[in-house]
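Q: If you want the building blocks of each chain, they are given just below.
There are 2 protein chains.
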Amino acid sequence: MKLLKDKIRNEGEVRGKHILKVDRFLNHQLDVELLNAIGKEFKNRFEEETITKILTIEASGIAIAAIAAQYFNVPVVFAKKVPSQNLDADTYETDVFSFTKKKNYKIRVAKKFLSREDKVLILDDFMAQGRAAIGLSELVNLAGADLAGIGIVIEKGFQEGGQIIRESGVKLESLAIIDSMNEGSIKFRK
Amino acid sequence: MKLLKDKIRNEGEVRGKHILKVDRFLNHQLDVELLNAIGKEFKNRFEEETITKILTIEASGIAIAAIAAQYFNVPVVFAKKVPSQNLDADTYETDVFSFTKKKNYKIRVAKKFLSREDKVLILDDFMAQGRAAIGLSELVNLAGADLAGIGIVIEKGFQEGGQIIRESGVKLESLAIIDSMNEGSIKFRK
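So the protein lines, in turn, are chains A and B.
Sequential numbering from 8 applies to the first sequence in the numbering used here.
Sequential numbering from 8 applies to the second sequence in the numbering used here.
Just to be clear, a hint being listed does not mean it is correct.
If several chains are the same, the list does not tell them apart, and a pair holds so long as it fits within one copy or across any two.
Pairs of lysine-lysine residues, derived as DSS-like cross-links and limited to a Cα-Cα distance of at most 30 Å, are as follows [as the list claims (entries may be wrong)]:
id, residue 1, residue 2
1, LYS178, LYS110
2, LYS194, LYS126
3, LYS12, LYS113
4, LYS14, LYS88
5, LYS118, LYS14
6, LYS50, LYS109
7, LYS108, LYS88
8, LYS109, LYS197
9, LYS109, LYS126
10, LYS28, LYS194
11, LYS110, LYS197
12, LYS119, LYS9
13, LYS119, LYS197
14, LYS194, LYS108
15, LYS12, LYS119
16, LYS118, LYS9
17, LYS108, LYS9
18, LYS113, LYS194
19, LYS24, LYS88
20, LYS12, LYS194
To be clear, the hints were calculated from the coordinates, so they are not data collected in a lab.
Working from the sequences, and respecting the hints, build out all of it.
A: What follows is the structure in structure tokens.
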């Protein structure tokens, strides 16, 4: 997706070999026009699937999922990381390992929002080791729902998440895959 | 806003006198069609203002702000509650008191996203004591930006936030104001 890659090149900031800051348009400030282009592109990539629900995770997946959902005409459900008194007691939950924080955290979805009748598209902003996407897939499995696929805005192709998920047979569509990066240069997969 | 009030009556759940669960459409599952109607209504209510940026707070304000921003053609910035290695060191920050958790938490925005040239609209899902909205207003003040106003989806009119903000002279538009509630009944302000 050229518009996205141009945006990453022009407004992203690479820190060392692993950190890509895209806070100017994707996860702190949001470029809503870009998010619309991203939403349309996800719709194209999953056109042949009959999606009934989009699943994402707080916080930075929410805007992407909500804007994309306009093209799918389905509700969004976002998994919660932060415990809340307003969350149902009856939830599907699983542990996700955070490489940044070197520990597990729990993600939860109220059971009433995922059912055996659902065909779920998972959307998120980033994929590196793929742990969040795998955790979300587990919630879909726990509910007995079908997983239609996973859509990611930026995949760090030099980390293993994408490979693990593609080899598992799940349809994974990443709009920009970075094969390597260094301060001043980003190499996208063709 | 009739559509919203009907939705609250039909799909909201009142727990005791203070807790209103709207997880079916506003802050866990998201009804994106309703969010679009909400976004249009905010545009109507703030039509005479020249907004340059929408400011909200993670997590449940993000979808509302992103969808509404389509009608204003401006970027969204969401304040962070959770510390992140990807956040700039150079931030505006302030403390917000949480009545639920009975302690302060910090909210932060990278300085580069708010400037003296900005005219900011604050949007959020709920207002009760108003502490989050007041905290966001402080970030706007710290940046030297103008506050165009505050838009809230559901105001608990029986708590003091709305009154404090209106008396301070800030334009506050709440799409549904609840004057009292009990299990089985919700009284909206006319």
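Q: Taking each numbered hint in turn, which are not upheld by the structure, reported in ascending numerical order?
A: Hints 2, 3, 6, 8, 9, 11, 13, 17 and 18 contradicted; others consistent.
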